[in-house]
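Following the hints, complete the assembly by docking chain H onto the known chain V.
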Amino acid sequence: MTEAPPLLDVEDLTTRFYTGRGVIGAVEKLTFHVNEGEAIGIVGESGSGKSVSALSILRLVPMPGRVVGGRITLRGIDLLALSEREMREMRRKHIAMIFQDPSNFLNPIMRVGDQIGEGIDRRELSKQAVARQVLEALQAVHIADPKRAADSYPLQLSGGQQQRSVIAAALVRRPSLIIADEPTTALDATVQYQILSLLGELQTAINTAIILISHDLAVIASVCSRVYVMYAAQLVESGPTAAVYRNPCHPYTQGLLGSILDPLERKEKLSVMAGSLPDLAAPPSGCRFHPRCPQAMAVCVAREPPNVQVSDGHTAKCWLYAARGDVSS
Amino acid sequence: MTEGAKPEAVVAARADVAAIRWPAVRRVQDNWRRFCRNRLALVGLVLLVATILMALLATAVFPEGPFKITGGRLTAPNAVHWLGTDELGRDVLAGVLYGARTSLMVGFLSVFMSLALGIVVGALAGYYGGWIDDALMRTTEIFQVMPRFFLALLVVAMFGADIWGIIFVIGILNWAEIARLLRAEYLTLRERPFVTAARAYGAPNFQIIVVEILPNASSPIIVAASLQVASAVLLEASLSFLGVGDPNVMSWGTMLNSAQQFLRLAWWSATFPGLAICLMTLGIALISDGLNDALNPRLKEMGS
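In order, the protein sequences belong to chains V and H. Each position in the first sequence, counted from 1, maps to that position plus 25 in our numbering. Each position in the second sequence, counted from 1, maps to that position plus 3 in our numbering.
Just chain V, with the same shape it has in the complex:
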């Protein structure tokens, strides 16, 4: 464990949506941290609260939703206490976000170069200086013919080029934290790999911390040193990627790992997790995973499981380990 204070510290983050159907808890008491220059991953099914967590950090949760509890501190600054103007400065200077579908997140009628330049604080820069930084950023993301890319409209670029441009727009400001929300989901497999290795490369090159959000554990494993697994708005397991990978403790994580295709291993039958995410407006009692859990016990229905430390830095929110690990909280 590092001695230095973490770059981003999220504690008991709770975000709820106040809809006509009732209150939906999209994120419940999420706690995690990111150290300077570290890449962490958040995995979970669609609807498990990953993206809302990311938007909560940026304070951009869409309308009926609100961050109702917890603390988010970035380098000691409490983001939830900032004014809208101060928060804007934080976004501009420190946090960049990369979104899932680059074709939607680029303004269709602005040239790519102009859009990347938008993120640069141009108050004290000449046009040429901005243009140069844009080209450098495009070169850093290994886009073929950066000059042409800068001069193109988004629809003139391929999906991979678009996502590279979006990453260029993020890195041009040299943020201390990049949040990448499913950055490779919309791309095909070979491009996925390129984008992931690009993210890894940039992390070391400009020492940016990365939060990588994905539903794909394999994607996380290739970039991140630590991983957080979310299920139904809650954190169910967290720890160093290798430990979680080798020794998944929570039955949900086991299920997630079981459903990954391994080309080297011929499986008779791909294991599929039964059931689907519970209704977050009325989550199940006790452990939220118990209706789908193959190892559910009586206690799982009755009481919410504690966070159990199974090994160094590796915790699981599950009754299976409550007896043998040290129970925290």
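Hint data in this document are derived by calculation from the structure and do not stem from the laboratory. For every residue, glycine included, the Cβ atom is placed at its ideal position computed from N, Cα and C. Any given hint could be a false lead.
To be verified - Sample of chain V residues facing chain H (criterion: CB under 8 Å; computed from the structure):
hint, residue
1, 116
2, 121
3, 129
4, 143
Said to hold, decoys possible - Below are the DMTMM-like pairs computed for lysine to aspartate or glutamate, each with C-alpha atoms no more than 25 Å apart in a straight line:
hint, chain 1, residue 1, chain 2, residue 2
5, V, 152, V, 176
6, V, 54, V, 109
7, V, 118, H, 194
8, V, 54, V, 70
9, H, 71, H, 90
10, V, 152, H, 90
What the hints assert, rightly or not - Non-contacting residues of chain V with respect to chain H, defined by C-beta distances greater than 10 Å in every case (computed):
hint, residue
11, 54
12, 316
13, 336
Just chain H now, with coordinates in the frame of chain V:
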């Protein structure tokens, strides 16, 4: 600022910067090329330019003005009076040339006014929503339900027929349409992911409204505005035709009004101003069509 990129990349990038045609010049050239590809739009442009030339040439050709009696009453077109004369002996060509001035002025100034009002109101209402939207839209509706032509008549009758007054009235009558159109665009565009992306990099609201969203909403506005130019020209002509136009300014409507009684005796006194109205409004409509095609990036071809 640039410590992270590889040195050779930096050098290459610097060399490229010089070659880049970065600013708006390139964009204007592109749009112009696409506009020219549309033959009808070019025809429209020729018609509009012809109208502008007529307006510019008016004082040079007829320094004494359009109201001067220069020949006999209702003379047919001849070598001296190319388009004939009207019932008072005024040259029809002079009237058409000076009328072009009035029409252009009324058309563009009133639309400029309705655009300015409509864009501000529509953008704020659509972007912010909530009570701002409610307040602005109720106001807009008040302006929309008023019967335009009669209101214009009423205002002109009450405050006198002054060309600036007419421009103002037409502007006031038209902005609501622009505002509603733009509000609808903003309502959908503000939910688009690229707006979230802009917020995520810390863009202030003003920048999002003006730089990110407005260009995306521009096509319907440009088309509506150019149609409004045509309708403003027609409205002014109609007011003048009914005899409530500015009597000190020659306009095509005024000419038609005085010509109607002599339609059978002197076809030229009504035909030429009428033709001028037709061609100018047609020209503007064709241009608006061409602009829509040229400015809509979804129709822009891939590559070059």
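Enumerated hints in conflict with the structure, sorted upward | Structure breaks hint 10 only.
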